[in-house]
Amino acid sequence: MVLAVIAPALHRVAPEQAGRVLALAVAALFTLFALTPHEAAPLVYAWAPSLDLHVSLLFDGLGKLMALIVSGIGSLILLYANGYLHGDARLPRLYAALLAFMGAMLGVVLGGNLLFIFVCWELTSVTSFILIGFDHDRPAARAAALQALLVTGAGGLCLLAGVILLGVAGGSYELVELAAAPGLREHGLYVPALLLVLAGAFTKSAQVPFHFWLPGAMEAPTPISAYLHSATMVKAGVVLLARLNPALGGTELWFGMLCGFGGATMLVGNLGSLFQTDLKRVLAYSTVGMLGTLVLLIGIGTQAALAACVTMLLAHALYKGALFMVAGGVDHAVHTRDATVLSGLGRAMPITWAAATLAALSCMGVLPLLGFIAKEKSYVAALGAPELAPWIVAASLAANAAAFAMAAIVGVRPFLGRPMEQSEHAHEGSFDLWLGPLLLGVCSLGLGVAAGWPFAGLLEAAAGSVYGSEFEVALKLWAGTEGVYGQALLLSGATVAIGALLFALRAPLRSLAGGLRFAAALAPQRVYQLLYEGSLGAAALLTRRVQNGLLNSYLRTVVLALVGISLWSLWRQPHLMVSFNVGEIRTYEIGIVALILVSCLVAVRSESRMAAIVALGVAGLGVTLLFALFSGPDLAMTQIMVETLTVLLFVLVFYHLPQYARLSSSFERVRDLLVSLIFGGLMTLLVLASSTDILDAPLSEFYAQNSLVKGHGRNVVNVILVDFRALDTLGEITVLAAAAIGVVAMLRLKPARKEGA
Amino acid sequence: MNLLLVAPILVPLLTAALCLLAWKSVRVQRWLGVAGSAALLASALALFAEVDGRGMAVSHAGEWAAPFGITLAADLLGALMVVLGGIVGLMVAVYSLGSIDEGRERFGFHPLVQILLMGVCGAFLTGDLFNLYVWFEVLLMASFVLTALGGERAQMEGAIKYVTLNLVSSAIFLAALGLLYGLTHSLNMADVSLRLARLNYPALENLLAVLFFIAFGIKAAVFPLFFWLPASYHTMPVAVSALFAGLLTKVGVYALIRVFTLVFRDDVEFIKELMLVVACLTMAVGVLGAVAQMEMRRILSFHIVSQIGYMIIGLALMTPLALAGTVFYLAHHIIVKTNLFLVSGAVARATGSFELKKSGGLYAAQPGLALLFLIPALSLAGIPPLSGFWGKYILVKAGLESGQVVLVVVALAVSVFTMISMMKIWSEAFWKPHPLGLTPAPVGLLNGPIAAMAAMTLAIGFGVEPVMQLAERSAQQLLEPQTYIRAVLEARR
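Read top to bottom, the protein sequences are chains A and B.
Every letter in the first sequence is one number past the one before it in the working numbering, and letter 330, counting from 1, is 330.
Every letter in the second sequence is one number past the one before it in the working numbering, and letter 299, counting from 1, is 1299.
Hint data in this document are derived by calculation from the structure and do not stem from the laboratory.
Heads up, some of the hints might be wrong.
[Said to hold, decoys possible] Ranges between beta-carbon positions, derived for each pair:
#, chain 1, residue 1, chain 2, residue 2, range
1, A, Phe654, B, Ser1025, 36 to 44 Å
2, A, Tyr655, B, Ala1154, 25 to 33 Å
3, B, Ala1154, A, Leu531, 28 to 36 Å
4, B, Val1028, A, Leu747, 17 to 25 Å
5, A, Leu416, B, Pro1435, 44 to 52 Å
In this text the structure is predicted, and so the values were computed from the model without any measurement.
The C-beta atom is built at its ideal place from N, Cα and C for all residues, glycine as well.
Hey, can you work out the whole structure from these sequences and the hints?
Quick look at the structure:
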């Protein structure tokens, strides 16, 4: 994270070397991780204890393994990016974003507090968004970035809800404490929490039916695809599931969900990859398939399955990162990634060829590479699955065979055969471009031959941290032919045979099944499109109706809301006391009220403005009379002045305005009349109900007694205005001042003909 | 008199008066505006420090003891709001130096801003219902003139809708006050609260509560009372809409919180049910309005509505955590929303338009501004560890703890849509190349306040602990109104 900040500055100082220096720095981090023993005490820093947020870092087997992958491949990718986008002005931003991502990703894999993991999790989504949209001039890149962000973001929100529920159910966000929490699996919130967490993990790790964003994300430049969308970020979901396995795993639901979705993803991804022609999309689908396999293995949950899972995780990161970089190198050299065209590049690009071959062989699961060990272990795990073993074995066989063919298409075919047209210009890229894939390829070979050394102990610890307790993991290149190992070996043989057949049939497969299966695989994409555009359309429609621009409809809505909520309140609490004594009404009061009502009616019905103004004036006088009658002479005097002035001003201003136009239909008028009547009725009811004399009235008494003694004034109203409640008066004077400014401005300031900004 | 309580009202009043005296000289007014806003912020901070230490500050205007005179009272929420008002005021004052045209400045822009700030602070500090009405009037008149100032055609149309609907709010508020006074014979909030409790008459009390809800709900722009806001905010100069966006609706929210935690609390279930429905609908309808827009300020305006819904959640749940979430969200939102409006002005200055279709190319040309947009935008969308995430997290957690599944689903879905519309701005104005191939112009001074507010967003995000503790203490005060009541009725100074 710190590096992300200094990256652009560094680039300015040394544009040629920045990538290499950063790569070295990250490599140093890698070394640091490698040298730290994996059982190092957890680091805890209290970020926000009142929100249960602690930055606790779990440097256990799994954490260390992932940290090594993230920093190791990250360092190679930085180097690779330096070569891939050499001289591009946007390179410093790429470094900054990549390093920011790296920091967030390390937080996800090392975090021991679910809330902290979530914080980092979302940061990886955002940095991924920025990175997928790196070529932001192209609409396709922008759309793909948004799609990835929305799918993973929506999943992220489910995850947030799930995490909170887990916190409520387990009493903590700390993974260690959750794993030890008794009765978590029997808690009422277990099922909703688990489903929500799975939704988050599945979207992030591109499980069917949310997988479609990952191939779309291939809009990003290759270094980004290689790093985020194959080796690291997409594994976040898998890592989260692995982390939660000790706390949540082992139930029927867990097994069913993970095996179901994982298995389906495994098949869709691996088979889907065969129907693609763009190298990067081929790789993306195969990544989807691998993520499915990992989820499936966690779902099976036996010791054998978890051992296979961590081995697979490492093997995949190594070979898939290499294959992506190879694809990018090829693209860089001959400017195409079309698998149907590429051919015969081996001669021109020997080093890349070597790297590609190693990675492809590991991916195919060929002896003696690490991929072989991983595949054998996964077959053993499938054979030992507690339920549905035959089905899982069959699915694994199909998936692995497809992966075999896929690896041949990407890693072998482009380098063999007759040299293609552009291959004359093909040349080996700079050292930055081939070092990464070659190193990863060699690792695949070396780790295979040495049976995991020096990582065997780490893989064992990683499998142990997923399982919840340590157990022995035997990493052997040749496990023998006894029992399940023999069956696994047989399956491997079958894999090679079927895989070779699929490779041979790749062209007809593409054309034949292209239309059919491809459509099926894309269906979720269309659902996303429909949902996205549909909700935008619905939003536009709704907004046009609600915010329709008509002031009178706004007013009606406000009044209706008032009436509606009041009626609801009355329905809840109908015990309203209304004391109303008809005998108290005097005749002249009826007269005044009738006068006010009639003049209001005239004002509303009148065809001319003048008549309406006069009618309003009469109504005002009626109110003044009422004030006078109810012993408020001051008020009456003020009111009469205001009314007179208002009428005069209205006449002056409105004299120049045109006649009324009738805009509303009679239906609307009747409706508005009804609304007004209900509103009036309600207010009447309220007035009657509120005029009770239950409580004493100390205020009037206080004012009457103290206005002369303490306020030094005989007129109580005056003393209230200028002394008891002088602050109100000050406020009202300010209102007048503001109004005066407004009047001056409106009269004198001519509108400027430009947009104010 | 406790001068600390009076200062946040007096300082802007004096500044406004000085500005009026210097009517002829725009330059003097400008610097008066900045200096006055800075003084307001300083006085607000002093008040906050006092309240933070003692829990409450109370003062009776003219030494007339409660409930006979007008009481000014600040609890943690009130003091916090005044500080936020000071921050927004200062930022907008600085921003307007580089953005407001001279015509508006010659006709009272600066004194009007100060009068508006006076009204805002008054509303946050008063302990008297009628006095609150007066501050609302001050606010309304100042904001109306600011809305109409300039007299452009679109502006007038917006201003008329703005003032009409807000006058309706005032009328309903006044009617409600009359009825409440008729019933309780008192206007002092603390006193009214005690008297209503003595009366124990929920049927009538709830009806009055509905009137207050409608009056304040219009101000706060909740569904279905928000129409004035999207109708007017995009018509004014950015400095004005930023000021409004930060403070006006929040005065409404504050008033809702105040009356429904202090005055009407005999039938809490009623308030909760009402607010639950209102919160969900406000969040949803607001955000749907936002995604349907293609003009930056319109998008931002609808988002205000949507986020008011989040702030109402505290009242809908009435748990300590939920109210703390509301207070937190208020603080976060005021900073972020003001800033986003300021950014929209800078974007329009740089690219020539508020219309997303007509702008673009900013990411390539001005990565600094792009970063300054991303911070508040991602915060608004609730991306951790920015301030908006914590607000959302606290409210969602409170909702889940109360078992309000629908509320939580709506709140989370709304944040997806918020993300969509923030990324729409990003994609169109920043990523997309400019449609006319123009290179965006530099925005100069405007970056200053934007950067300062982005830094505040980051500070709230990373330093979430102290803010959260403050919010929790404030929520505790709100849920125990006896402290407030006792402080007001027993204060002797």
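Output the indices of the hints that this structure fails to meet, ascending.
No hint contradicted; all consistent.
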